[in-house]
Amino acid sequence: MSDLILEWWLDRCPQLMNRRSKLRRFRLGHLLVAAQLSCLGATLTGCNDYSLRRSVIEHYGEGPSIEHPDTVAVDVPFTVTVWTYSGMCDKEGPTRARVSGSVAAIEPYDYFGNTDLCEAALIIAARRVTVSFAEAGSAAIEIVGRTEPEDRTLRVTRSVYVGG
Numbered sequence: 001m002s003d004l005i006l007e008w009w010l011d012r013c014p015q016l017m018n019r020r021s022k023l024r025r026f027r028l029g030h031l032l033v034a035a036q037l038s039c040l041g042a043t044l045t046g047c048n049d050y051s052l053r054r055s056v057i058e059h060y061g062e063g064p065s066i067e068h069p070d071t072v073a074v075d076v077p078f079t080v081t082v083w084t085y086s087g088m089c090d091k092e093g094p095t096r097a098r099v100s101g102s103v104a105a106i107e108p109y110d111y112f113g114n115t116d117l118c119e120a121a122l123i124i125a126a127r128r129v130t131v132s133f134a135e136a137g138s139a140a141i142e143i144v145g146r147t148e149p150e151d152r153t154l155r156v157t158r159s160v161y162v163g164g
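If you're matching positions, the sequence shown starts at 1 in my numbering and goes up one per residue.
Hints in this document: simulated from the structure, not taken from any laboratory. What you are looking at is a predicted structure, and each value in this text was computed from that prediction instead of being measured. Hints should not be assumed to be uniformly reliable.
[Said to hold, decoys possible] So the derived label-pair ranges between C-beta atoms look like this: (1) ALA136 / GLY61: 35 to 43 Å; (2) TYR60 / GLY163: 33 to 41 Å; (3) ARG96 / SER65: 27 to 35 Å.
Each residue gets a CB set at the ideal place from its N, CA and C atoms; glycine is no exception.
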């Protein structure tokens, strides 16, 4: 029964998960107190007012900012950094990365609080992922995020050369 209550609270309060998405385990009595305290003041509408959406990669004309090497070696992992924008009540979500042939697709996500109360504080975060390409030649890194305030999907493609 306590696992069911834990899952119920975590569905409604994603801030109970740490940045690595490992659940913080509490005894049942402590869980309810911790959940109430962590949500206190976060929004006026309560803990369950979060939605998982693509991260903002362009904020009022600023961005997107993406860092990656211009040249990489075949089958050698390298890091791509995407800078995202959120408010102080939002929580970092997963960053999905997949490579198919010569295209690496990267999609950062965040848990966004559905309130305007927390937009005054802008948080800019570095989202790092590691990818590699199996074949030499020209390759592309495609970042999929969204814009603020228009709330439209934004696809940004950067080129990289994969040396043999």
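Okay, the hints, checked on the actual structure:
1. The given range of 35 to 43 Å is respected by ALA136 and GLY61, whose C-beta atoms sit roughly 37 Å from each other.
2. A hinted range of 33 to 41 Å holds for the C-beta pair TYR60 and GLY163, which are about 38 Å apart.
3. Checked against the hint of 27 to 35 Å, the pair ARG96 and SER65 fails, with Cβ atoms roughly 19 Å apart.
The earlier numbered hint that this structure contradicts is number 3, and it is the only one.
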